[in-house]
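Protein sequences appear in the order of chains Y and S. Using this note's numbering, you'd call the opening residue of the first sequence number 2 and step up by one each time. Using this note's numbering, you'd call the opening residue of the second sequence number 2 and step up by one each time.
FYI, nobody ran anything at the bench for these hints, they're computed from the structure. Incorrect hints may have been included.
Since the list gives no way to pick out one identical chain from another, each pair is judged satisfied if it fits inside one copy or across any two copies.
Stated by the list, open to error - Below, simulated DSSO-like cross-link-like pairs (lysine-lysine); rule was C-alpha separation at most 30 Å, straight line:
1) K250 <-> K321
2) K375 <-> K132
3) K432 <-> K182
4) K223 <-> K432
5) K338 <-> K375
6) K375 <-> K223
7) K321 <-> K432
8) K223 <-> K321
9) K316 <-> K223
10) K321 <-> K375
11) K432 <-> K338
12) K223 <-> K250
13) K125 <-> K182
Number of protein chains: 2
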Amino acid sequence: MPDAKLQVIPLGGLGEFGMNSMALRYGDDIIVIDAGMMFPEEELLGVDIVTPDFTYLEQNRQHLRALILTHGHEDHIGAVPFLLSEINVPVYGTAFTLALVERRLEEHEMLADTKRHVVEPGEKIEIGPFKIEFIHVTHSIVSAVALAITTPLGVVIHMGDFKVDPTPTDNLLFDLHTLAKYGKGGVLLLLSDSTNVDVPGYTGSERAIRPRFDEIFNRAEKRLIVSCFSSSVHRLQQILDMADEYGRKVALLGRSVNTVTEIASDLGLLNIPDGILLRPQDIMSLPPEEVAVIVSGTQGEPMSALSRVSVDNHKHLSIKPGDTVVLSSRIIPGNEKAIYRMINHMSRRGAEVIYGSMNPPVHVSGHGSAEELKLVLNLVRPRYFMPIHGEYRQLSRHAALAAHLRHVGLEDTFILDSGDTLEIDSQGARKGASVPVGRVCIDSGTLDEVVEDMVIRDRRHMSEDGFVIPIIAIDKHTGHIEGMPEIVSRGFVAEDSAAFLAEARQVVMRTFEISTTEERADWGMMKEKIRVDLKRYITKETSRRPLIIPVILEL
Amino acid sequence: MPDAKLQVIPLGGLGEFGMNSMALRYGDDIIVIDAGMMFPEEELLGVDIVTPDFTYLEQNRQHLRALILTHGHEDHIGAVPFLLSEINVPVYGTAFTLALVERRLEEHEMLADTKRHVVEPGEKIEIGPFKIEFIHVTHSIVSAVALAITTPLGVVIHMGDFKVDPTPTDNLLFDLHTLAKYGKGGVLLLLSDSTNVDVPGYTGSERAIRPRFDEIFNRAEKRLIVSCFSSSVHRLQQILDMADEYGRKVALLGRSVNTVTEIASDLGLLNIPDGILLRPQDIMSLPPEEVAVIVSGTQGEPMSALSRVSVDNHKHLSIKPGDTVVLSSRIIPGNEKAIYRMINHMSRRGAEVIYGSMNPPVHVSGHGSAEELKLVLNLVRPRYFMPIHGEYRQLSRHAALAAHLRHVGLEDTFILDSGDTLEIDSQGARKGASVPVGRVCIDSGTLDEVVEDMVIRDRRHMSEDGFVIPIIAIDKHTGHIEGMPEIVSRGFVAEDSAAFLAEARQVVMRTFEISTTEERADWGMMKEKIRVDLKRYITKETSRRPLIIPVILEL
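Chain Y on its own, in the form it takes in the complex (with noise of 0.2 Å):
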């Protein structure tokens, strides 16, 4: 079929931060480029994640050969097991990305039916159409590719998410010189990373963290905790490391850092010194200046270790004065309160919290800055241009990026909303029909819970099953409940109303009872306790799930 044409198709995280996934379709072949998910936005509360609407995928499911993954982070991979319950397509990624899919597959009890194929970088694979080359690049995650996929049409790049780092501390350079050849040898379709759009200059490599982590580990003086991205497998190699060379222990605290360490250190990627873990368990009866802690949550997520850790409701871990905490991570626009409102407590229990863009920084970015993204510009000199992976606003500045590059061939840039399609044949580019796309929001169920379907839940089930919103008043001078919380509810009915109510009410109350005086006086952790407990009890009671809205008034 070599008059087909070429459609590019964005199912998500393009107009929108998180959940990429596209798909690339010649004649009857499909392939898509991951399925992440996104956190959901505050107006969304009451959904676990949100997933892209995977309705075209479906609608075309005999034509859909493979998903392949660019890497591990999960705006990229967060929504594979929700499409593969739908379309059971062979995944193909690097063997670490494959790893964390398969954990998530595991819980999902999906990882015996799904065919999964571990890929080097530089290796090449062919599936219908398409001549895959994975290509190494650096990011905060290791094992990271982008794509350079070969069509009866011509090449379309695909960066994935990247930077140049120079220096990566794994001492793997990007692959600039395969880049180089593909642009050499002309590309169709460039379609590269906006994250970091606005961002001048170039990114630090990720060893610039190491002066500043030299300074702290030198200065600290009793415990010290560090929160990173659990997924930053170059900055738990760093962190233990030092820890080594400066003669601490270190203990783990949370489930996906765990597991990250764990998948790393099986592949051979994350490099742990003889006898440096810690029990959880003895990590207060160990001298404090020989301890260094690794705690997941730096987003001051309400019912992560490190939002626990710092109201002092976590079991291995309690603050003194004198401990030294470091967030080594950005703060995601929208975090800002509840990062605060964490680094509060913390600075209110005697630690010294280290955070923000001091410099030497604490924290390097894993997404190229403007110059780097001009380097993949020049280097690739597509044809076309798409620039993906963000908002309107970082597009469109990513897209005037690439303006010069209209003297050296470039004939067209394309910025595009998720749904919108992009075609290419022998004639050139254009824009082509809508695909339908939406956000999916999911109820996961919470792990420590018996849930009989982990699969997909979308919002429009939610709905059908109505929602229930908790309505608690506090007094601001006491911290008390005043009165009995409300509870309203709509298409949602239970065989006894008023039992039900009576009991929903005192859930809610009980949850209040044993939170801690600080617990009560962060209230977005609140919400989310009641809400977890809420759930638990209607799902025990009637097998439904409404959404549930807690809302908290303060007297």
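Position chain S against the provided structure of chain Y, taking the given hints into account.
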């Protein structure tokens, strides 16, 4: 009463962000420094503004001698009408600060009944046992002062808000000499602003924005739209001057920017070049390259002028492709999503939007960074230090900055929360008994609404009026409302409640129907519009003011 004690009583702004207010008491005499407001957090949706609880002052009303204002920002003067409506105490401040206060008092019809005294920087006044010198400081607002308050026990320095700008645009230098004089003479207690304590180095001069704006004025081919904090007279002056140089007329959009411009110009603090002003209704009729617009609403406040411009719902300004928009302001934590939504809207309309931390900058802070805070600490060399204006994380870091002064006479540093007190007598300083503090939530009424009582309505009153929760379900594909809005209410009874609720649902429907597609996609804005329209309807129909908390569900 030479053996009386001095009490320092923070009523707001310590351990929290905003609503700064601080009482000083010596024996039976009290003065209060600043009476600010804060904007409500999202948890308090349904409330217009938040002020400190002035119960302590009301309980001691016979002792209150004066309200002293350091400068005219809302977080320092926003609660003045509410305090004066309870206790009609004389107010002291610079001409510009008092002029801003007077506008507010006029709105509340309180102007004739209050006593206001203009003080010049450098002037000294005596109030009971307090001798107060007003010291000129540089800040993002003009006519800002620090206070040197001589008490029988020694001198208290209250820094207000400041930066140490070496090259202020009005050439009025920070009065370091007076500060040094007091430092040399011996200062009992320093109270100093902690807002930017976690920013290393020095804050850039207000003049630092000039190079980048020069480039923008040079490059802009169509309309140039600049948004900045309305009270930033220095910024307004620079923009007006550049518009004059580059041959653009200037229109002012938004009530606050018009008010400030008028006041500052009347007082000779703002020089408006002859013939430069353009009426808003003429913006679209002049050639675009001859127009600049200064518009309020940098924080994405749902009903602000810039927010309305961004969704093409402003009667005088419509963004066209090629226009340039500059957000010459910082992003206040918590507002990121609203601001980015606004930027996306404007980018989609074809504007180039310039914001964020480019270098050279389009915004510089008005608050001193760590090195400036150290400079003030070293000039004043107090016996006691108490950081003010900030959350605990900032106060504790500021306290740590002063540690080196232990070698030059600093005896102790106190980190207090609002409601804690510091007591000083001839024996020294210590924490004293607590006083009642808290947040008072105010439903001020919008200005186009006839409201009988514009004065204090706190949350307790509002909760006596019950609450109303309109719940709107929106179809994610079509953007339309599914079914009729639900309205849940408690503790709130209308005379004919069925008819009332039916009409209230219609009000919500109508708000939706008359909104543009872009507004509908902007939930923050829709919630605010629904709240305002429903409030107006309910107040008219029932004379009650329940708390209104819109909930939007996406189906």
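Broken hints, numbered, in rising order?
none
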